[in-house]
Amino acid sequence: MDIRLEWGTEGVGALGADCAVLVIVDVLSFCTTTDLVLGNDGRVLPVRWRDQRGAEAAKARGAILAGEKQWTLRPSSVTEIPSGTLLALPSPNGATLCDAAATTGAVVLAGCLRNAAAVAERAAELADGAPIGVIPAGERWGIGIHTEATTFGPLRPCVEDQLGAGAIVAALDGYGRLSAEARLAAIAAKSIDIAEALTECSSGRELAAAGHANDVTLAAKLDTSSRVPLLRNGILEDS
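Residue numbers for the sequence shown follow this note's numbering, so the first one is 7 and each next one is one higher.
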């Protein structure tokens with residue numbers, strides 16, 4: 007198949023050896039926040055942990071660790087981030103998958119609903135006829151915005167990443183044959199009210215209950231961005 011879709015870290019392992027491009031999709035919130043940082047002409051250093059390990063990684067690259075100032079993993083926190091900022095952005099899902107994908111030799115892009123069409127176009131250019139892998143991050147049971155879990159639970163597929171991945175696959179129309187998983191995601195993205203789905207899904211409700219409904223609104227803005235985060239030398243920058 008020319009366009010394939012598999013979930014999470016296991017999906018990176020399954021597709022990394024065969025795909026020229028891997029697109030990581032973490033809509034709430036890593037890839038959406040990354041898109042907004044790049045939209046302000048910044049860059050993102052993906053880091054897995056917001057602890058001493060993350061602080062050391064940020065320091066080594068001259069980055070500001072999210073949470074040290076006003077910027078966090080929340081999309082609404084970075085809408086006015088200064089141009090030129092290199093933000094070290096911890097995430098147990100999106101950042102972790104970017105790190106894993108970087109070890110496969112594939113070109114790594116970070117996609118979300120906001121930049122779905124732009125990411126699809128660039129992925130097709132970079133793959134140049136070779137297979138493209140789309141990796142919705144999903145979440146992990148036992149890890150939420152109110153917890154400080156130290157271990158990962160089993161994968162929990164989630165609506166927002168299914169739709170983000172589906173929107174990217176749908177925008178790759180004409181590139182080649184779709185796997186059944188990719189086709190199902192594309193059909194879902196084209197047939198549902200995305201803003202409504204993000205508001206009603208578990209992750210959206212959780213964010214709204216915590217007072218962060220605007221993050222969901224920002225994440226649901228389909229194809230409002232032309233930025234394409236490409237992982238180069240460990241840093242996501244506009245390609």
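The hints are simulated quantities; they were obtained by calculation from the structure and are not laboratory data.
Any given hint might turn out to be false.
[Stated by the list, open to error] Derived CB-CB ranges, DEER-like:
| no. | residue 1 | residue 2 | range |
| --- | --- | --- | --- |
| 1 | ASP199 | ASN239 | 35 to 41 Å |
| 2 | PRO88 | THR223 | 35 to 41 Å |
| 3 | GLU212 | GLN76 | 19 to 25 Å |
From the three backbone atoms N, C-alpha and C, an ideal C-beta is built for every residue, glycine too.
- List of violated hint numbers, smallest to largest: Failing hint: just 2.
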